[in-house]
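Engineer: Assemble chain Z onto chain G, guided by the hints.
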Amino acid sequence: MNVNDLIEAYVTDVAVQLPRRQRNDVAFELRALLGEELQAKAQASGRVVDAAMTTDLLRDFGHPDVVAARYRPVLTIIDPVDGYTFVRATVVGLAIIWGAGLLKEVLQPVESGSDLIMALARWWLGTVISSLWWPGVLVSYFAIAAWVRRRWPSTGEWKPRSRYQVTGGRTSMVLAMVGITLGLLVLIDPRGALELFFGTQLAPVAYDALTYTGSFRQLQGPILFVVLLLNIPLMVGVVASGRWSASLRRFELALEVMVCVVMLWTVLDGPVFIAAVSDKFVKVAMLLIIASVLITRGIRLYRRVMPAPDGRVQVHG
Amino acid sequence: MGDTDAFNKLELELRRGVVVLATLSQLRMPRYGYELRQVLADRGMPIEEGTLYPLLRRLETQGVLKSEWKIEDGPPRRYYSLNGDGRKLLKKLTESWQGMNDAMGRLLKED
Chain G
1 MNVNDLIEAY VTDVAVQLPR RQRNDVAFEL RALLGEELQA KAQASGRVVD
51 AAMTTDLLRD FGHPDVVAAR YRPVLTIIDP VDGYTFVRAT VVGLAIIWGA
101 GLLKEVLQPV ESGSDLIMAL ARWWLGTVIS SLWWPGVLVS YFAIAAWVRR
151 RWPSTGEWKP RSRYQVTGGR TSMVLAMVGI TLGLLVLIDP RGALELFFGT
201 QLAPVAYDAL TYTGSFRQLQ GPILFVVLLL NIPLMVGVVA SGRWSASLRR
251 FELALEVMVC VVMLWTVLDG PVFIAAVSDK FVKVAMLLII ASVLITRGIR
301 LYRRVMPAPD GRVQVHG
Chain Z
318 MGDTDAFNKL ELELRRGVVV LATLSQLRMP RYGYELRQVL ADRGMPIEEG
368 TLYPLLRRLE TQGVLKSEWK IEDGPPRRYY SLNGDGRKLL KKLTESWQGM
418 NDAMGRLLKE D
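Protein chains in written order, with our numbering: chain G, 1 to 317; chain Z, 318 to 428.
It is possible that part of the hints are untrue.
Stated by the list, open to error - Pairs of lysine to any residue, SDA-like flavour, derived with a Cα cap of 25 Å: (1) K41(G) - P393(Z); (2) K387(Z) - Q39(G); (3) K326(Z) - Y84(G); (4) K41(G) - K408(Z); (5) K280(G) - P190(G); (6) K387(Z) - Q22(G); (7) K383(Z) - Q22(G); (8) K408(Z) - K326(Z); (9) K41(G) - E365(Z); (10) K409(Z) - P73(G); (11) K41(G) - R332(Z); (12) K409(Z) - R150(G); (13) K326(Z) - A69(G); (14) K383(Z) - P19(G); (15) K383(Z) - R345(Z); (16) K387(Z) - A27(G).
Worth flagging that the hints you see were computed from the coordinates, not collected in a lab.
Isolated chain Z, as found in the complex:
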């Protein structure tokens, strides 16, 4: 019971750390909220809707995303994509992530 709780909390911490990077990585092209969530889920990174949709607005407020309302095939939808600062941020975060991932790979490799 205690182990499960600890695992859930720690896994949540891990996921929190990568949610922003995962989101930015899929916004090199414009996507609307639901579409983005589907893409992330299809690629193995499901993010709860109550977390993802507010996150898009926060990232826009922080100045790394741009957005606009568009009508394509359906109702009006707000499309988000990286702006210049967002692309730079994604590049830096990707490098950090790859560095950490390599290090973790070495650390977790059984002797």
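With the rest of the complex left out, here is chain G:
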């Protein structure tokens, strides 16, 4: 390529990325400026302008993509302030999706090498490839958050938040108490709750599906009921004081541990309901509750800050 071709190619690669209304004008100006730069360079080096000198000049000028970006205001999709949170949410989310997908495939019977390869192929296509929706959702979320922050700067202001503050205030706690009370009433007699709402209109199989086994009614059922019932005094304590306290938090932790242990015991010990379908359903629900508690606790542990100097403190004087 000769000198003119090189400059034309460069100018075109820059200008084509600019808005149509300024494209030709910038191209005309840039071409003229590059010509002047080139003449000055040739004069300074005592050489005649050639393709090698032109290429050097254009490389020093910058990649056309970079130069084109400099012509326009900076476009930020995800605010730098959200960068690490975005990466963390992406990695953790993908790890959970991929792990759950892999677990699902591993739990299927694998009898030969080809079964394993097929399972991995299903996992790759069905889980890994399709999991790209997750980063997409996060990009959209953070882009909207960045836009809102720029549009209404006051929304991004820092607000002090105490670890003892009740999320949602007393109202949310009272609503939670009502929910737990209703849940406990259903737990006592799910079949009776169904009869209360529908009488005897439903098919007998619906009532049978909510009939406890004798062992659950005698052993885990009462214990689970008592453990869940203990949430009521906890919530009454929070509502009364309007905030959490260290002792209430410890009580909450103890209750969560007890709930998880009793639920795990229930899942592993034997059937809860006589009907297999409802038994499977309630056990999956219990496992989800356990997972939710563990994840929430894990996040709290990860986010815990305990100010302390990193290393020994030297004392002078």
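Structural biologist: Below, chain Z alone, put in the same frame as chain G:
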């Protein structure tokens, strides 16, 4: 090696902070891109062409520069100069810069 990298990055940050002020300061009178770059370089503030020329357009888009095509002694050239808002901005930035410069002078003065 690490020190050189750190120095280069930090010096680049410092330069980025003053490029706009340096550019505005030399556009009290109309100048075209190459001429402006030469003036800045002659006065001790060389700015890469790939940085300066796009910057002129961005400042114009932001409403602090005006420009027009003119033919004087040579080919057509686009001349840039400060408009009313640009002059106000230059005044404010100059005051800020002088305040910071004085403070930095005091901070960097060896006891």
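Engineer: Each hint should be assessed against the structure and marked as holding or not.
Structural biologist: Here's how the hints hold up against the structure:
In summary, the hint linking K41(G) to P393(Z) is supported, as the alpha carbons are separated by about 21 Å, within the 25 Å threshold. Straight-line distance between C-alpha atoms of K387(Z) and Q39(G) comes to about 20 Å, which keeps the hinted pair within the 25 Å bound. Distance restraint check for K326(Z) and Y84(G): the Cα-Cα separation of roughly 21 Å lies within the 25 Å cut-off, and the hinted pair is therefore satisfied. This hinted pair does not check out: K41(G) and K408(Z) have alpha carbons roughly 35 Å apart, beyond 25 Å.
About 16 Å separates the Cα atoms of K280(G) and P190(G), which keeps this hinted pair within 25 Å; it holds. Distance check on the hinted pair: K387(Z) and Q22(G) sit about 17 Å apart at the alpha-carbon level, within 25 Å; holds. The straight-line distance between the Cα atoms of K383(Z) and Q22(G) is roughly 15 Å, inside the 25 Å bound, and the hint therefore holds. Our distance criterion of 25 Å between C-alpha atoms is broken by K408(Z) and K326(Z), whose separation comes to about 29 Å.
The straight-line distance between the Cα atoms of K41(G) and E365(Z) is roughly 14 Å, inside the 25 Å bound, and the hint therefore holds. Of the pairs offered as hints, the one joining K409(Z) and P73(G) holds, with about 22 Å between alpha carbons and a cut-off of 25 Å not exceeded. Between K41(G) and R332(Z), the direct Cα distance comes to roughly 24 Å. Compliance with the 25 Å bound is thereby established for this hinted pair. Of the supplied pair hints, the one linking K409(Z) and R150(G) holds, its CA atoms being roughly 24 Å apart against a limit of 25 Å.
Distance check on the hinted pair: K326(Z) and A69(G) sit about 20 Å apart at the alpha-carbon level, within 25 Å; holds. Between K383(Z) and P19(G) the CA atoms are separated by roughly 19 Å; this keeps the pair inside 25 Å, and the hint holds. A C-alpha spacing of about 11 Å is found between K383(Z) and R345(Z), which places the hinted pair at or below 25 Å, so the restraint holds. Restraint check for K387(Z) and A27(G): satisfied, since their Cα atoms lie roughly 16 Å apart, inside the 25 Å limit.
Checked against the numbered hints above, the structure violates hints 4, 8; every other hint is satisfied.
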